[in-house]
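Using the sequences and the hints given, assemble the complete structure.
From first to last, the protein sequence lines stand for chains A and B.
Reading the first sequence from the start, the letters are residues 1 to 297 in the numbering used here.
Reading the second sequence from the start, the letters are residues 1 to 252 in the numbering used here.
FYI, nobody ran anything at the bench for these hints, they're computed from the structure.
Mixed in with the good hints, there may be bad ones.
Straight-line Cα separation of at most 30 Å, BS3-like style, residue types lysine-lysine; simulated pairs [stated by the list, open to error]: (1) Lys22/B <-> Lys9/B; (2) Lys9/B <-> Lys237/B; (3) Lys82/B <-> Lys22/B; (4) Lys18/B <-> Lys176/A; (5) Lys2/B <-> Lys82/B; (6) Lys82/B <-> Lys176/A.
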Amino acid sequence: MKGRTRFESIKEWLIERIIWICGVSSILFVFAIFFFVFREGSAFLFRGFKPVEFFTSIEWYPTSQSHVRYGALALILGTFSVTTLAMLIAIPFGLGAAIYISEFCSARVRETVKIIIELLAAIPSVVWGFIGLTIMNSLIIRLFHAPIGLTMLNGGIILALMSVPIVVSIGEDALKAVPDSYREAAIAMGCTRWQLVYRVLLPAARNGLLAAVLLGIGRGIGETMAVLMATGHSIRIPTSLLDPVRTLTATIAAELGEAAVHSDHYQVLFIIGILLFMITFIINLTADLIVKGIRKQ
Amino acid sequence: MKNSKLTIKDLRVRFGHKQAIKGISFDVYQNEILGIIGPAQSGKSTLLKVLNRTIELIPGAHTSGQVFMDGQDIQKLSNVYKLRRSIGIVSPLPVGLPLSIYDNVAFAPRMAGVRKKRDLDDCVERCLRQAALWDEVKTRLQTLGTRLSGGQQQRLTIARALSHEPQVLCLDEFSIAIDPVTTMRIEEVLKELRSQMTIILVTNLVQQARRLADRTAFMFNGELVEIDDTKVIFSEKAAVRQTYEYVNGVFG
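This is how it looks when you write it as structure tokens:
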């Protein structure tokens with residue numbers, strides 16, 4: 001290190017620090033967000049919060065004059081029903097598309113389709129919400145003769161379209177990661193392309209595909225703007241696809257601006273935030289563990 | 001004159017502009033072990049891909065010429081899956097599918113539509129016995145095939161290649177990833193299998209061809225230099241000077 005000038009070693013030190021800060025900041029931000037959300041909701045969480053009511057009652061009257069109630073069951077069910085519906089659509093389509101792109105199409109088609117799917121992922125969620133509010137809305141009214149088209153079905157379809165790109169790109173990566181020698185060996189034994197897919201590739205890429213599905217679900221649960229615009233936003237336990245629903249995320253988005261800062265209502269919204277944070281955290285963690293499982297193999 | 005199992009006529013293969021096989025013709029007789037020797041890049045593995053028509057799956061590969069199996073042009077067969085099942089391929093590096101030992105061997109019969117547990121059990125046992133692996137794995141058929149050692153995995157792929165009852169068994173440098181003892185065991189297995197099928201043994205090890213093969217073909221640079229009885233190829237009587245030099249390690 002003799003030839004090194006003082007300036008150079010300071011520069012080196014500085015660059016190392018900056019890179020270190022970049023790396024650590026992402027961890028810091030996640031913890032800061034969690035801390036902030038928790039702090040905003042914590043006072044009420046330990047004082048007047050009724051967990052039983054929160055999880056079992058559908059009576060969400062945060063601004064009632066006489067009797068304020070914070071029953072979030074309908075919201076929780078709203079989130080889960082819309083997400084489930086979205087996944088019922090997105091998983092078969094997404095995995096099917098991933099299989100097609102990875103195994104069945106020509107190189108040229110593959111490049112085109114991948115670009116389009118990336119484009120799909122880049123559409124802002126408010127634009128999706130807009131499509132739900134206008135095109136899907138009138139379509140559902142016309143097709144099902146429903147009084148209103150802003151329903152669970154509408155939100156589910158929009159959400160599915162938003163999740164498909166994630167499922168496709170991660171699912172395709174998982175299939176591509178299966179060694180070609182498996183394909184060659186199976187084909188040499190005389191199996192057809194479809195037998196190859198369901199007998200060899202799907203089992204071999206199982207973990208990666210599961211991760212793709214879980215990340216798609218995470219996307220669905222966390223999505224706010226599009227579902228707020230497309231689902232009708234009314235508090236009820238949905239009994240049919242054509243019922244409007246309201247989700248946890250949409251509730252926060254719609255009500256936080258109205259709630260007085262540090263009021264009970266405000267804090268309950270943050271408790272919903274904590275709940276969402278935990279759900280997505282668990283899903284991401286599971287996906288992560290599964291992906292790690294693949295690498296070990 | 002012996003029966004021809006395979007007849008190859010003026011076979012040419014190119015990948016893009018690169019010629020891999022430059023017009024070769026020869027016969028493979030019923031129930032013989034044909035050794036194919038030659039340095040890397042001489043078109044031996046490509047030849048095997050032509051036989052089971054997996055060459056068609058490689059982008060940019062062009063094939064001309066004909067290959068007859070039992071007198072039938074294989075390129076005109078409508079059921080390519082049946083053709084592939086009638087040819088067993090063992091690749092240089094063992095490829096255990098990520099399935100159990102049992103499922104690895106039962107894979108091809110299941111593809112072909114065998115469903116009965118009894119039949120599958122019988123087939124799995126027969127093939128593992130033939131590949132000299134049965135005694136080592138009979139107590140743990142449900143463990144993952146990829147957990148086996150390299151030599152065991154190679155025998156597993158042989159068992160798997162036997163499971164669809166091939167008429168032709170092609171081994172592509174099966175011994176490069178395994179130890180000498182296992183290699184000798186597999187060589188014994190091949191000698192026994194000769195009575196039931198035709199075996200094509202592609203190898204880099206000229207001594208292996210000398211030990212096993214009834215006839216030996218020497219390929220170099222996409223051309224068939226010479227094909228004759230192994231005894232002839234490995235003697236001074238070899239017709240082409242290059243063959244003599246190759247088998248004696250003068251070049252290669």
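I'd like to know which numbered hints this structure contradicts. Please list them from smallest to largest. The structure breaks none of the hints.
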